[in-house]
Amino acid sequence: MASTASRPQAPKVRVMRRRPGGLAVQVVPQTSLLANLECELQWHKASAMGTWSSKIVKCEDGWGVCEVLLGDLASCSDYRLRARFRNAVGWAEDFSAEAFGRTSESAAAPSDLRLAARHPGRVILECSLADPEGAPVTSLEVQLCGQVTWRDIPSTSTAATASWDWDDLGGGPPRVVQVEVALPSDQVSQLRVWSRNIVGRSLLPSPALLCQPSSRPGAVSELHCPRRGLDSLQLDWSTYDPEGAPVHECSVEFWPEGALWPTTQSLTWCGHVRMVHRSGRPL
Numbered sequence: 000m001a002s003t004a005s006r007p008q009a010p011k012v013r014v015m016r017r018r019p020g021g022l023a024v025q026v027v028p029q030t031s032l033l034a035n036l037e038c039e040l041q042w043h044k045a046s047a048m049g050t051w052s053s054k055i056v057k058c059e060d061g062w063g064v065c066e067v068l069l070g071d072l073a074s075c076s077d078y079r080l081r082a083r084f085r086n087a088v089g090w091a092e093d094f095s096a097e098a099f100g101r102t103s104e105s106a107a108a109p110s111d112l113r114l115a116a117r118h119p120g121r122v123i124l125e126c127s128l129a130d131p132e133g134a135p136v137t138s139l140e141v142q143l144c145g146q147v148t149w150r151d152i153p154s155t156s157t158a159a160t161a162s163w164d165w166d167d168l169g170g171g172p173p174r175v176v177q178v179e180v181a182l183p184s185d186q187v188s189q190l191r192v193w194s195r196n197i198v199g200r201s202l203l204p205s206p207a208l209l210c211q212p213s214s215r216p217g218a219v220s221e222l223h224c225p226r227r228g229l230d231s232l233q234l235d236w237s238t239y240d241p242e243g244a245p246v247h248e249c250s251v252e253f254w255p256e257g258a259l260w261p262t263t264q265s266l267t268w269c270g271h272v273r274m275v276h277r278s279g280r281p282l
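For the sequence shown, numbering that gives the first Met the number 0 begins at 0 and goes up steadily by one.
Please note that a few of the clues may not be correct.
[As the list claims (entries may be wrong)] DSS-like cross-link-like pairs, simulated, lysine-lysine; straight-line CA separation at most 27 angstroms: (1) K57 to K44; (2) K57 to K11; (3) K11 to K44; (4) K11 to K54; (5) K44 to K54.
Hints were generated in silico from the structure; no laboratory data involved.
None of the values given here were measured: they were computed from a predicted structure.
All chains should be built: construct the whole structure from the sequences, respecting the hints.
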């Protein structure tokens, strides 16, 4: 028995990509004897009461999947979605089962904040970022704990994502980025970091971190005289290079046994990688 062509069956709806203010939705047709001409997608904010909004698009391939891009949606919001097709007979009598989609989130707080390197007057921090789907983290903001409250301080980071393809961007695995901050050298500072994407700043900062730029050298140790000459002494001592600021110069003071204070001071160049330094001076 032959059957006549009928209206389309209810399709299936699935969300393929999220954006800060929109969704990319695929409408999948069911078996039909006629090609689909148009697709109607309706959406409704899940947290509010109201009427359905609607968008009708032409079907480029009457037998294939139809993709509909929705814009001007609220960020960080859930939406209910449903769709139907129209063929030469007319619109489908029923909409699809409702699907749910959520637009891109604001950035999550940086995690695993740690000190990567110390230099004179500055530090380099590392942290892990989880990029929300469709809205990757674009910058980091650093705050310094003052006597009363936290305050923003200048910084530079490697979080920028200007070269990414936003249309095909997925959430992806966490990535490690660095941020450089200038700090006073002679004190320990407490820092925390916020992440920011196109939606906005993260709701929470990273856990606080105590850090300090490269410090002054410590006192020398193991000072001794391994060799004596007629008019000179050879002195050996040990010193450790502070991270990011190796010792490059040592000051030697000497005076006669009966003097009340040093009468002579000299400077000795020290190799960056040597742990034991020597100085031979005429007396």
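Hints, verified against the model:
1. K57 to K44: 24 angstroms, holds
2. K57 to K11: Measuring from Cα to Cα gives roughly 17 angstroms; hence the hint holds.
3. K11 to K44: Status holds; Cα separation ~19 angstroms.
4. K11 to K54: 16 angstroms, holds
5. K44 to K54: Holds, because 15 angstroms separates the two Cα atoms, which is no more than 27 angstroms.
In terms of the numbered hints stated before, the structure departs from none.
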